[in-house]
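Those sequence lines, one after another, are chains A and B. Residue 1 is where the first sequence starts when you use our numbering, and the numbers rise one by one after that. Residue 1001 is where the second sequence starts when you use our numbering, and the numbers rise one by one after that.
Treat the hints with caution; some may be incorrect.
[Stated by the list, open to error] Okay, the calculated bits of chain B under chain A, using three or more residues with CB under 8 Å as the criterion: (1) 1033-1041; (2) 1044-1058; (3) 1091-1098.
In short, the hints are calculated from the structure, not lab data. Built from N, CA and C at the ideal position, the CB exists for glycine as well.
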Amino acid sequence: NAGVTQTPKFRILKIGQSMTLQCTQDMNHNYMYWYRQDPGMGLKLIYYSVGAGITDKGEVPNGYNVSRSTTEDFPLRLELAAPSQTSVYFCASRSFTEAFFGQGTRLTVV
Amino acid sequence: KNEVEQSPQNLTAQEGEFITINCSYSVGISALHWLQQHPGGGIVSLFMLSSGKKKHGRLIATINIQEKHSSLHITASHPRDSAVYICAVGGADGLTFGKGTHLIIQP
Chain A
1 NAGVTQTPKF RILKIGQSMT LQCTQDMNHN YMYWYRQDPG MGLKLIYYSV
51 GAGITDKGEV PNGYNVSRST TEDFPLRLEL AAPSQTSVYF CASRSFTEAF
101 FGQGTRLTVV
Chain B
1001 KNEVEQSPQN LTAQEGEFIT INCSYSVGIS ALHWLQQHPG GGIVSLFMLS
1051 SGKKKHGRLI ATINIQEKHS SLHITASHPR DSAVYICAVG GADGLTFGKG
1101 THLIIQP
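This is chain A alone, in the form it adopts within the complex (with noise of 0.2 Å):
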């Protein structure tokens, strides 16, 4: 199993470009995650999403949106992006036992 794949670990983007982040899991869980780390602070929530054609808002979702149109991939686009938007990007799937998490992108915006 590969767990939790992400792409790309790392991006610099110039204020106003778009991109996407991909993320993949092969475990066939429902619930997948997206969550930003910025320095010296936790994870915050972005969207979640319980199940393929299911998504929500989480604590920051300003500036993304997602889509989760099978079980296995959860992508998170950024539209016009900003220096705000600077941050280290980590999807995440779980189990009922078990949360997994993708190895990050980290994402520079100048």
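Starting from the known structure of chain A, arrange chain B on it as the hints suggest.
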């Protein structure tokens, strides 16, 4: 909204010492997670608890639901245990995280 507080924020200890990291939260929960993050690295799940105590190797996690408190213990600490340890609480609608405890184990 749940508030999650961890202590200490930073901890430096000598190899072999017994380590305790504490976590308290403000609202009743369905589950609590302990996670480990190495510098520049990903996040690994250590434990998911809803009651009692769990043990895995040299790591022990306990939770007191009534007092809204959990502890992570490391016995016979080793330099490879150096990492950030993160407490998180929540359910299907996502986790609320503490800011982490930065642990350094010196040889």
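Cross-check of the supplied hints:
| no. | hint | verdict |
| --- | --- | --- |
| 1 | 1033-1041 | holds (count 3) |
| 2 | 1044-1058 | holds (count 3) |
| 3 | 1091-1098 | holds (count 7) |
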